[in-house]
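Q: Here's the letter readout for the chains.
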Amino acid sequence: MKKQSEQSLQNMMAEYQAVTGSNVMQQLEQLAAPLKGARVLHINSTKEGGGVAEILHKLIPLKQALGIEADWDVISGNQEFYQCTKGFHNALQGMRQSISEKLLQNYEKINRENEEKLRSKLKEADFVFIHDPQPAPLLKLIPERRGKWIWRCHIDASKPYREVWKYLREWITPYDASIFSLPEFAQPLPHTIYNSFQH
Amino acid sequence: MPNATGDVQKKLPFAVKDCALITIATGIKVQNLKEFAAVLKDVPTGSIYHHFWGRLLRALFDEPEYNNDFASWASRGLHDKQLAEQLSMVIPTDYKDLEGLRQETVEVVEQRLDESEIVPWAQADQQFHFLKSQIVVFDTGIRYDHPAELVPQISKLSTGSIYYHFIDARNRTDERYDDFSSWLNGFDGDEFEELTRNLCGMDPYFSSLKEIRLNVSNIFQKFFAKGEQ
Chain A
1061 MKKQSEQSLQ NMMAEYQAVT GSNVMQQLEQ LAAPLKGARV LHINSTKEGG GVAEILHKLI
1121 PLKQALGIEA DWDVISGNQE FYQCTKGFHN ALQGMRQSIS EKLLQNYEKI NRENEEKLRS
1181 KLKEADFVFI HDPQPAPLLK LIPERRGKWI WRCHIDASKP YREVWKYLRE WITPYDASIF
1241 SLPEFAQPLP HTIYNSFQH
Chain B
960 MPNATGDVQK KLPFAVKDCA LITIATGIKV QNLKEFAAVL KDVPTGSIYH HFWGRLLRAL
1020 FDEPEYNNDF ASWASRGLHD KQLAEQLSMV IPTDYKDLEG LRQETVEVVE QRLDESEIVP
1080 WAQADQQFHF LKSQIVVFDT GIRYDHPAEL VPQISKLSTG SIYYHFIDAR NRTDERYDDF
1140 SSWLNGFDGD EFEELTRNLC GMDPYFSSLK EIRLNVSNIF QKFFAKGEQ
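Residue numbers (my numbering), protein chains in the order written: chain A, 1061 to 1259; chain B, 960 to 1188.
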């Protein structure tokens, strides 16, 4: 994602402050201070449309304005890839899904292709946020990674269709942490699970 | 004596902090009272703390009927009003530490299990999720040199500041003092002894943070108004 000019970022912060007041902005600055200069990379699968893209369009400039070297890349896939990940989405929400071996192989192949394109950035990033299941295999494909990797699940995974969750869990387990929107949406995982909404 | 501004800050300015709680899932959820009792015995004390005190800083859309999460679940999830009332009567400030609070809570739950012919259970979407929290502390940059300066300012403090200096401090320090009292104790002589005593005598558990702020403000105002007479 192209970084906005300093002036544009400053204007954005002033607009935020007009709404939140200065206390909130000072708190954000204090939170960001230890991360100044850190390379933070977000990865998802859609540039426009959908809640994740909406969040990232706002979150990345905010992090940049706070001195974090935030960036956002979007993985690309073919029609079968999106058919497969649509199945994942439905399965995490509890719908019985039959996802063929062929679709799963394509899912992994697309992730390998994207890993080749993004390898240097993924390797060098201090923090990598992987959004939802689409790019989840990237972590295992970068054994030489140096940063902390966080899986951000935007889906209610409280009662997933087990066959699909068993497959996805293999990719997600090695992450350093996960973030679910609510504690009720989470699945047990062997790492720290944060909640984005303070419940 | 530890205080909000650190051990070495006796007579140094009172540093106003603010805070937020980051919620962390323990991954443990239960669906009936027997499971609840078993987990309660082992869950980290941070989870006990979160479910008794954390709600003070949470955005709530209505006035909660019960003052801790366990009681709320007993009512909403298990539909056991009697247990909810009993759990609601467990007052964290009555116990010297979180282990004592845990033991009393377990006692209440086990007694209810002994009385029950059928183990109370919740529907699948009403399970209890054990959570814990991590406090994030912010420095507001505001400093006060003398207790009298606080009088007009306490009512303007954020609820996060009240939580940090009044609730968290009592769990943070061995003496279980709020930060205002710790700071006042750092002044020579007994000038602020009554003020400290009144602050220490406040039980914050049944109050919202706004009510605690009002009470603390009133205590300061009364003390300094008396001094002026």
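Everything labelled a hint here was simulated from the structure, so no lab data went into it. It is possible that some hints are incorrect.
[As the list claims (entries may be wrong)] Straight-line C-alpha distance at most 30 Å; calculated DSSO-like pairs for lysine-lysine:
hint	chain 1	residue 1	chain 2	residue 2
1	A	LYS1226	A	LYS1062
2	B	LYS1055	A	LYS1226
3	B	LYS1091	A	LYS1208
4	B	LYS970	B	LYS1040
[Said to hold, decoys possible] Here are some, though not all, of the chain B residues that point toward chain A, as calculated from beta-carbon distances under 7 Å:
hint	residue
5	THR982
6	ILE983
7	GLN1041
Think of the CB as a built atom: it goes at the ideal place given N, C-alpha and C, for glycine as much as any other residue.
Q: Hey, A:LYS1226 versus A:LYS1062, does the alpha-carbon distance stay inside 30 Å?
A: violated, 37 Å
Q: So, as I understand it, the hint says B:THR982 touches chain A; can you test that by seeing if any CB pair is closer than 7 Å?
A: holds, 5 Å
Q: Would you check whether B:GLN1041 satisfies its interface hint, that is, whether its CB is within less than 7 Å of any CB in chain A?
A: violated, 26 Å
Q: Taking 30 Å as the top limit, are the C-alpha atoms of B:LYS1091 and A:LYS1208 close enough?
A: Holds. B:LYS1091 to A:LYS1208 sits at ~22 Å (cutoff 30 Å).
Q: Does B:LYS1040 sit within 30 Å of B:LYS970, going by the straight-line distance between their CA atoms?
A: Distance of about 50 Å is beyond 30 Å: violated.
Q: With a cut-off of 7 Å on the beta carbons, see whether B:ILE983 makes it to chain A.
A: holds, 6 Å
Q: Taking only the CA atoms, is the gap from B:LYS1055 to A:LYS1226 under or equal to 30 Å?
A: violated, 44 Å
When held up to the earlier numbered hints, the structure conflicts with 1, 2, 4 and 7 and fits the remainder.
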